[in-house]
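2 protein chains.
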Amino acid sequence: MVAKSQIKLITSLAQKKYRQQHGLFVVEGIKGIKELLKSRFKMQILYVLSENKNDFESEKTEEIDQNSLKKISFLKSPQKALAVFKIPQDGEINFPDSGLQLVLDDVRDPGNLGTIIRLCDWFGITDLICSPQTVDCYNPKVVQATMGSLGRVNVRYIDLELFFEQNKLPVFGAFMDGIPIYDEKLPENAILVLGNEGNGISEAVEKQVQHRISIPQFGNVTAESLNVATAGAILMNTFRERGGR
Amino acid sequence: MVAKSQIKLITSLAQKKYRQQHGLFVVEGIKGIKELLKSRFKMQILYVLSENKNDFESEKTEEIDQNSLKKISFLKSPQKALAVFKIPQDGEINFPDSGLQLVLDDVRDPGNLGTIIRLCDWFGITDLICSPQTVDCYNPKVVQATMGSLGRVNVRYIDLELFFEQNKLPVFGAFMDGIPIYDEKLPENAILVLGNEGNGISEAVEKQVQHRISIPQFGNVTAESLNVATAGAILMNTFRERGGR
Numbered sequence: 001m002v003a004k005s006q007i008k009l010i011t012s013l014a015q016k017k018y019r020q021q022h023g024l025f026v027v028e029g030i031k032g033i034k035e036l037l038k039s040r041f042k043m044q045i046l047y048v049l050s051e052n053k054n055d056f057e058s059e060k061t062e063e064i065d066q067n068s069l070k071k072i073s074f075l076k077s078p079q080k081a082l083a084v085f086k087i088p089q090d091g092e093i094n095f096p097d098s099g100l101q102l103v104l105d106d107v108r109d110p111g112n113l114g115t116i117i118r119l120c121d122w123f124g125i126t127d128l129i130c131s132p133q134t135v136d137c138y139n140p141k142v143v144q145a146t147m148g149s150l151g152r153v154n155v156r157y158i159d160l161e162l163f164f165e166q167n168k169l170p171v172f173g174a175f176m177d178g179i180p181i182y183d184e185k186l187p188e189n190a191i192l193v194l195g196n197e198g199n200g201i202s203e204a205v206e207k208q209v210q211h212r213i214s215i216p217q218f219g220n221v222t223a224e225s226l227n228v229a230t231a232g233a234i235l236m237n238t239f240r241e242r243g244g245r
Numbered sequence: 001m002v003a004k005s006q007i008k009l010i011t012s013l014a015q016k017k018y019r020q021q022h023g024l025f026v027v028e029g030i031k032g033i034k035e036l037l038k039s040r041f042k043m044q045i046l047y048v049l050s051e052n053k054n055d056f057e058s059e060k061t062e063e064i065d066q067n068s069l070k071k072i073s074f075l076k077s078p079q080k081a082l083a084v085f086k087i088p089q090d091g092e093i094n095f096p097d098s099g100l101q102l103v104l105d106d107v108r109d110p111g112n113l114g115t116i117i118r119l120c121d122w123f124g125i126t127d128l129i130c131s132p133q134t135v136d137c138y139n140p141k142v143v144q145a146t147m148g149s150l151g152r153v154n155v156r157y158i159d160l161e162l163f164f165e166q167n168k169l170p171v172f173g174a175f176m177d178g179i180p181i182y183d184e185k186l187p188e189n190a191i192l193v194l195g196n197e198g199n200g201i202s203e204a205v206e207k208q209v210q211h212r213i214s215i216p217q218f219g220n221v222t223a224e225s226l227n228v229a230t231a232g233a234i235l236m237n238t239f240r241e242r243g244g245r
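Sequence lines, in order, name chains V and C.
Just so we're aligned, residue 1 is where the first sequence starts under the working numbering, counting upward by one.
Just so we're aligned, residue 1 is where the second sequence starts under the working numbering, counting upward by one.
Hint data in this document are derived by calculation from the structure and do not stem from the laboratory.
Honestly, I wouldn't trust all of these hints.
To be verified - Here are the simulated PhoX-like pairs of lysine-lysine, each with C-alpha atoms no more than 25 Å apart in a straight line:
no., chain 1, residue 1, chain 2, residue 2
1, C, 8, V, 141
2, V, 185, C, 76
3, C, 185, V, 76
4, C, 185, V, 141
5, V, 4, C, 17
6, C, 141, V, 76
7, C, 76, V, 17
8, C, 17, V, 76
9, V, 76, C, 76
10, V, 70, C, 17
11, C, 31, V, 16
Because the structure is a prediction, the values reported are computed rather than measured.
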């Protein structure tokens, strides 16, 4: 049994305003929860089916039945466990002045942001800088799509103009009409900017971009664009493979 | 007004068995419909809001109001147009014996398949070979995610053992523990195999793979895997950029 007030609290966390009000977010699935338990995130409470109770050692664990789990889950097919975690308070933001950093200019789709966070984890990008209009990284669909990578990537929301004021690294931006990435010499330390799904990089942010790059199509030019997450995958991979050479 | 029987028919097309029974599938959104109209696909009927009627020239166009559109749409926020297209009958399958071909071994997520079809279009891969258990390419979520690319990529469902019997090209498969793709000499003409989201490439298909490849992680090895569509993006891009050199 989960108290009605608790059901109400947890389901409210689907919305950003309640996540911010309570400072909490939801993670579903044993694997994702275990990954976050290894990170800087602090868990508030964990609900788990009795047969999976031994998967966890935390004192904050409560057994739950399928029916109650359904009531608090955001998924069509609930996983075996659901946890509520605390949203960490951002301390002072000191961005590293080396390495590869990724900036998102208004990426709106939760699946795209989740996939990009997972890619950052894969490619060792520890800081992901997002414009304030980028979808919230504690959105349940984002958390689900990160597959546990959220604990290893610092996602920061900041006015991008402020960010670029502090930044001294060369800035590369993905544009449909940019220079093919293979024709550019890529530095090891750089900022890569990806834009919104429909509109690309905004005019204000474009002014900060020194190198307009693109991914060459092959054969006839037919497809109009690549999805921002798949384009990001190719660009991050290319920076990691060629950067600094 | 759309007749009740027509509403019933269209909404039934969310399910594969009714798509196969009627030989029909649904495309939503002006852009996606226009792209398919340029392809080999034949449209059966188009419903469009009156203010967007001039976007189309087809005689098969019927005006529709917002309310009726809502009744036949699969989307939470219906687009301005919805069309029913005929599923083409596959003729004899003659696979090209050159170029880059992509094989999917039980990719199940509609968003992933849609993204992969869009990537095939971008990278000039005209034939996509899918195991029979791979999600149906006429699933509305797949069609939506292809963003119109479905008309330019031939998606074939075929027993992969039969496919490999006919094939003479070298076969590359994506594995977590494969050789880093940059350490392999990549031919221009090849088959690239991507596996299921959870289980990767099946044992039966693995036997057909001569070159086990992977995408190197950067920094600490932390992330467990890449999403199949983003991994596919990186591998297709690398084959196109390096293949044959």
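Hint-by-hint comparison with the structure:
1. C/8 / V/141: 31 Å, violated
2. V/185 / C/76: Given that 25 Å is the threshold and the Cα spacing comes to 44 Å, the pair is violated.
3. C/185 / V/76: Since the Cα atoms of residue 185 of chain C and residue 76 of chain V sit roughly 44 Å apart, the hinted pair is violated (cutoff 25 Å).
4. C/185 / V/141: 39 Å, violated
5. V/4 / C/17: Violated: residue 4 of chain V and residue 17 of chain C sit about 41 Å apart, past 25 Å.
6. C/141 / V/76: 16 Å, holds
7. C/76 / V/17: Distance ~22 Å between residue 76 of chain C and residue 17 of chain V Cα, so the pair holds.
8. C/17 / V/76: The hint holds at about 22 Å.
9. V/76 / C/76: 16 Å, holds
10. V/70 / C/17: 29 Å, violated
11. C/31 / V/16: 31 Å, violated
The structure is inconsistent with the numbered hints 1, 2, 3, 4, 5, 10 and 11, although it conforms to all the rest.
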